[in-house]
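On the provided structure of chain P, position chain B as indicated by the hints.
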Amino acid sequence: MIKINNLHAQVEDHKILQGLNLEINAGEVHAIMGPNGTGKSTLASVLAGKEDFEVTQGTVDFNGKDLLEMEIDERAGEGIFLAFQYPVEIPGVSNINFIKTALNSIREYRGLEPLKAREMLDLVKEKQELLGLTGKLANRSVNEGFSGGEKKRNEIFQMAMLNPKFAILDETDSGLDIDALKVVADGVNQLRSRDNAFLVITHYQRLLDYIVPDFVHVLYDGRIVKSGTKELALELEHKGYDWIKSELETV
Amino acid sequence: MSETLVDIKLPELFSAENAFEVSEYEKFLEHARFVVIPARKQEDWRYSKVGSLLKKSYKRIEPVSYELPEAVMRMIGDSYSVVLVNGQFNHKLSVIPDGSWLEIKAHTSVPENGIEPSIKNIFALYNTATFTTEVIFRIPEDSHIDKPVFIIHARQGNSGYCASRFVIDAAKGSSVSIVEMYLESSDEGLYNTHVITRLRESAEVQHHCAITSMAEEHVVRNHFVEQHKNSRYTTGHFIFGGRMIRNTLHIDIEEEGCETNLFGSYMLNGREQSDIRVVMNHKAGQSNSSQNFKGVLTDKSEGIFNGIIYVQPDAQRTNAYQSNKNIVLTDDATAYSRPQLEIYADDVKCSHGSTTGQLDQDALYYAMTRGIPRRDAELMLVSAFIREAINGIEQICLQEYLDHLLQKKFSQMQK
Chain P
0 MIKINNLHAQ VEDHKILQGL NLEINAGEVH AIMGPNGTGK STLASVLAGK
50 EDFEVTQGTV DFNGKDLLEM EIDERAGEGI FLAFQYPVEI PGVSNINFIK
100 TALNSIREYR GLEPLKAREM LDLVKEKQEL LGLTGKLANR SVNEGFSGGE
150 KKRNEIFQMA MLNPKFAILD ETDSGLDIDA LKVVADGVNQ LRSRDNAFLV
200 ITHYQRLLDY IVPDFVHVLY DGRIVKSGTK ELALELEHKG YDWIKSELET
250 V
Chain B
0 MSETLVDIKL PELFSAENAF EVSEYEKFLE HARFVVIPAR KQEDWRYSKV
50 GSLLKKSYKR IEPVSYELPE AVMRMIGDSY SVVLVNGQFN HKLSVIPDGS
100 WLEIKAHTSV PENGIEPSIK NIFALYNTAT FTTEVIFRIP EDSHIDKPVF
150 IIHARQGNSG YCASRFVIDA AKGSSVSIVE MYLESSDEGL YNTHVITRLR
200 ESAEVQHHCA ITSMAEEHVV RNHFVEQHKN SRYTTGHFIF GGRMIRNTLH
250 IDIEEEGCET NLFGSYMLNG REQSDIRVVM NHKAGQSNSS QNFKGVLTDK
300 SEGIFNGIIY VQPDAQRTNA YQSNKNIVLT DDATAYSRPQ LEIYADDVKC
350 SHGSTTGQLD QDALYYAMTR GIPRRDAELM LVSAFIREAI NGIEQICLQE
400 YLDHLLQKKF SQMQK
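As you go down the protein sequences, you meet chains P and B in turn. Numbering that gives the first Met the number 0 puts the first residue of the first sequence at 0, with every later residue one more than the last. Numbering that gives the first Met the number 0 puts the first residue of the second sequence at 0, with every later residue one more than the last.
Bound conformation, chain P alone (with noise of 0.2 Å):
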């Protein structure tokens, strides 16, 4: 599905992302954890489109089509979807009008009709429920005076509706007590399935242990350090990154 090849970039001239390879298919999660500042969120940012970051080598490949040519409403259109870390607020845009735009921008960009009222209606009440979500939500601005919990169930919220091909989920967990990781936990494992992919970035092992991951990388100094299945990732938590560390001035 995503194949990124020796990506680097940089933010100003500070070099964030220094070579990082990644290849995941349809059907598979991926865990990428790592010390702070070793690029977990530029690689969603650099994904996502932000122009803030500037790719200067590498390739993404998304589904045979280049992914850092397109604008980021495209890439948007042609299935990548980010659950940022901090959601933005947006005042004075109601969140069910916020999402109505989006899912039937990318409806016209796929050519399909825009959704008939009913069924956007059905389909707003059945992704709110599996979110736990009261319609309440609904008509308030988009994230405004939402609580942190509030956010990341938006976020979902946004993801179910939108239905992606490869959604990337930034520490989703942070901020989250254990209801809302559970509830946030069950809204992505009822969306897996054998066509869509999942990248979730994370520092804890705990949101792993509900949303349980096929591969589990380390990022560390903008490069995938080391790989592994899921028990890499309790490895991590009973040794701490200092392990990865030794591990590396050792080679």
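These aren't lab readings, by the way, just hints derived from the structure by calculation. Quick caveat, the model's predicted, so the values are computed rather than measured. It cannot be assumed that every hint is accurate.
Said to hold, decoys possible - Here are the computed distance ranges between Cβ atoms for each label pair:
(1) Asp51/P x His351/B: 32 to 40 Å
(2) Asn5/P x Gln360/B: 23 to 31 Å
(3) Asp186/B x Asp194/P: 45 to 53 Å
(4) Asp176/P x Gln357/B: 30 to 38 Å
(5) His13/P x Ala38/B: 50 to 58 Å
(6) Glu50/P x Glu387/B: 22 to 30 Å
(7) Glu70/P x Glu102/B: 53 to 61 Å
Heads up, the beta-carbon is just placed ideally off N, CA and C, and yes, glycines get one too.
Positioned in the frame of chain P, the structure of chain B alone reads:
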């Protein structure tokens, strides 16, 4: 013309030709001696592009047959309407209510109240000698006018001068709502509109005004409002273009218990300019006023907000609020924002604020990651910004119409 009057040199714009009677023009000249001629060095006109306007010579033009645009007809629906073409009342296109509360008069020798000595504005003064039509609302005690009254300003012909005058007198306990609209035109010229409003005890007046896109047009509006005990005045001004649009809103709170809401927006591109001047004068206490004006500017356009709240010594327990926010989309566009307070009473609550910035880039990015194309995402953010002002209007049909104008204007701004 008498000898004595020759010694005042007035700008070209204020020519005798537009006056209906020589005697009226002379009266105008007498008063004109005591008013300031707008110029950059005057604080009140500091940022205004009035200089080039003053050199124009716009003349009254006789209208020919005219049809209202469909969208406007639809909005008016079955409401009352007063259609003015080149300032002249068009009876055929208007829907006038039964009853005597609305009177429409062609220019007669002297305006009903004569030239008020208090008028210190040259445009308002010139209006009294040159207006083609006077529309008088006399809302009787405890009457509630059931439907809004639309006033449509349309023009035909280039370089025309259109002047009209409105007197709104809402008696005790009465209510009325008025919507003025200046229709789109590609011609240049000047609309000089003068509005005098008096709200008696417990009266309620809603008076909104939309100026649609007319890149070469000048509009100078002067609103003078007098509020008496427990009255409520709401006015929204929505500007979607114009070479120079100057709005002066002067509100005097004469007695206690009043409520005043002033709001509006301006969306400008090219070299358009909107200049909003507000004088909110609290002469009596126990009253609330709020001002909320929002601007979106691109290209080399200029948006000016120059508002002042006076709280006079007797106006204790006044609650006054003032806000002006601007989004400036390009480097060459300019927002001048001057919210001011002058408070002479000690037991008052007043606050004001002003912000000028760009579109929220994080919000734009966020919306685009959800698949919304940049242009649509920008429109979404701008609409949300302006909507805050539009939401102050009660009539849903007007809200929708303004929304439509907003979208149309913004797509021009994105070119």
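For this structure, which hints from the list above don't hold up? 3
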